[in-house]
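Sequential numbering from 1 applies to the sequence shown in the UniProt record's numbering.
Please keep in mind that the hints were generated in silico from the structure rather than gathered at the bench.
Among the hints, a few may not be true.
[Stated by the list, open to error] Here are the in silico distance ranges between beta carbons for each label pair:
(1) 133 to 266: 56 to 64 Å
(2) 129 to 253: 34 to 42 Å
(3) 269 to 129: 50 to 58 Å
(4) 256 to 55: 48 to 56 Å
(5) 223 to 67: 43 to 51 Å
(6) 155 to 19: 41 to 49 Å
(7) 59 to 253: 49 to 57 Å
(8) 251 to 61: 16 to 24 Å
[Unchecked claim] Dumping the calculated SDA-like pairs for lysine to any residue here, alpha-carbon to alpha-carbon at most 20 Å:
(9) 50 to 163
(10) 50 to 98
(11) 45 to 16
(12) 45 to 7
(13) 45 to 85
(14) 45 to 27
(15) 45 to 242
(16) 50 to 92
(17) 45 to 60
(18) 50 to 64
(19) 50 to 12
(20) 50 to 14
Beta carbons are placed, not taken as given, at the ideal position from N, Cα and C, and that holds for glycine.
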Amino acid sequence: MTAPPPLLEIRGLRKSYGTRPVLDGLDLVLPPGIHALLGPNGAGKTTLIKILSTLLPHDGGTVRVLGLDPRRDRRRLQGLLSLTGQFAAVDGALTCTENLEMIGRLFGLPGSLARTRAAEQLERFELTRARSTRAATLSGGMRRKLDIAAGLLSRPRLVILDEPTTGLDTRSRQVLWEEIRGLAAEGTSVLLTTQYLEEADALAEQVHVLDRGRIVAGGTTQELKALVGGAVVRILDQDGAVLEELATTGTAPDLAARLAEAAHRFPTATASIHRPTLDDVFLHLTEAGPSADPDGAATAPSVAPVRV
């Protein structure tokens with residue numbers, strides 16, 4: 001039996017705006033599942049998303065999404081994926097129901113099926129009470145939920161979510177998280193970019209870090225956290241200031257030994273254990289500074305790639 005194609009297969013991807021390279025020989029192969037793409041502002045995330053979703057042609061390299069070429073198989077691929085950008089794209093003059101039914105028809109759904117799925121999505125995203133409300137009068141968070149609900153009407157094989165929970169409150173964010181997990185359980189793959197690193201930690205099977213046009217690291221969250229070392233024992237004075245940090249391997253025996261050392265050397269101080277987070281990984285792998293992305297500034301010096 002033939003194995004299904006990778007979700008994404010990207011080799012040597014290049015994209016420039018004028019003379020400024022944005023994506024510089026990017027390589028990335030992902031299996032089906034939930035994946036998160038992290039990177040500082042201007043790293044090239046938005047450019048990559050536009051290429052994957054057929055909105056922008058690339059300059060060089062090869063790109064396959066669900067086994068299809070975004071340039072050659074543009075129309076076919078558009079029927080298999082859904083893209084929700086950073087800003088709500090629904091029509092403010094229409095009600096929630098009208099927006100979803102209209103978008104369902106644009107996806108090619110028969111009228112009765114468009115109405116059924118619109119009602120289902122309103123319920124799933126807790127928008128039923130607002131079904132007759134014009135989108136222009138909704139709160140920012142509710143418009144965001146409506147926009148995401150619209151993108152799922154066609155039951156796509158791949159859902160691309162660009163900063164999906166920006167503007168959502170905690171409850172709405174949790175609803176979306178459960179929806180993403182539900183999509184994965186049904187066999188739909190998800191690629192998300194997010195500024196909330198705990199979101200990537202909670203949802204993604206694999207996380208990849210993009211910096212200056214290249215993937216600098218990738219793997220499970222635990223594999224990425226291992227790149228910055230084990231836990232650190234922080235010794236704090238009575239005001240909470242850090243007196244010293246003791247590196248550990250993260251194993252229980254080593255932690256116990258370091259805590260005993262801290263108690264002996266600083267008998268009046270307190271100690272806390274800091275375990276690596278995705279924030280630590282992000283700061284370790286990326287560097288603040290200018291970028292080649294048109295949303296950023298000028299080209300910055302290159303950094304050495306991190307092999308995983």
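Hints and how they fare:
1. 133 to 266: 56 to 64 Å: The hint (56 to 64 Å, Cβ to Cβ) holds, given that residue 133 and residue 266 are roughly 59 Å apart.
2. 129 to 253: 34 to 42 Å: 56 Å, violated
3. 269 to 129: 50 to 58 Å: 54 Å Cβ-Cβ, so the 50 to 58 Å window holds.
4. 256 to 55: 48 to 56 Å: 54 Å, holds
5. 223 to 67: 43 to 51 Å: Violated, since residue 223 and residue 67 (Cβ atoms, about 27 Å apart) do not stay within the stated range.
6. 155 to 19: 41 to 49 Å: 42 Å, holds
7. 59 to 253: 49 to 57 Å: The hinted range 49 to 57 Å holds for residue 59 and residue 253, with Cβ atoms some 53 Å apart.
8. 251 to 61: 16 to 24 Å: 42 Å Cβ-Cβ, so the 16 to 24 Å window is violated.
9. 50 to 163: Satisfied, since the Cα-Cα distance of roughly 14 Å is no more than 20 Å.
10. 50 to 98: Distance of about 27 Å is beyond 20 Å: violated.
11. 45 to 16: 13 Å, holds
12. 45 to 7: This hinted pair holds, its Cα atoms lying about 17 Å apart.
13. 45 to 85: 12 Å, holds
14. 45 to 27: Distance of about 14 Å is within 20 Å: holds.
15. 45 to 242: 36 Å, violated
16. 50 to 92: 24 Å, violated
17. 45 to 60: 17 Å, holds
18. 50 to 64: 13 Å, holds
19. 50 to 12: Holds. Residue 50 to residue 12 sits at ~17 Å (cutoff 20 Å).
20. 50 to 14: Holds - the C-alpha atoms of residue 14 and residue 50 are around 13 Å apart, at most 20 Å.
Taken one by one, the earlier hints fail for this structure at numbers 2, 5, 8, 10, 15, 16, listed in ascending order.
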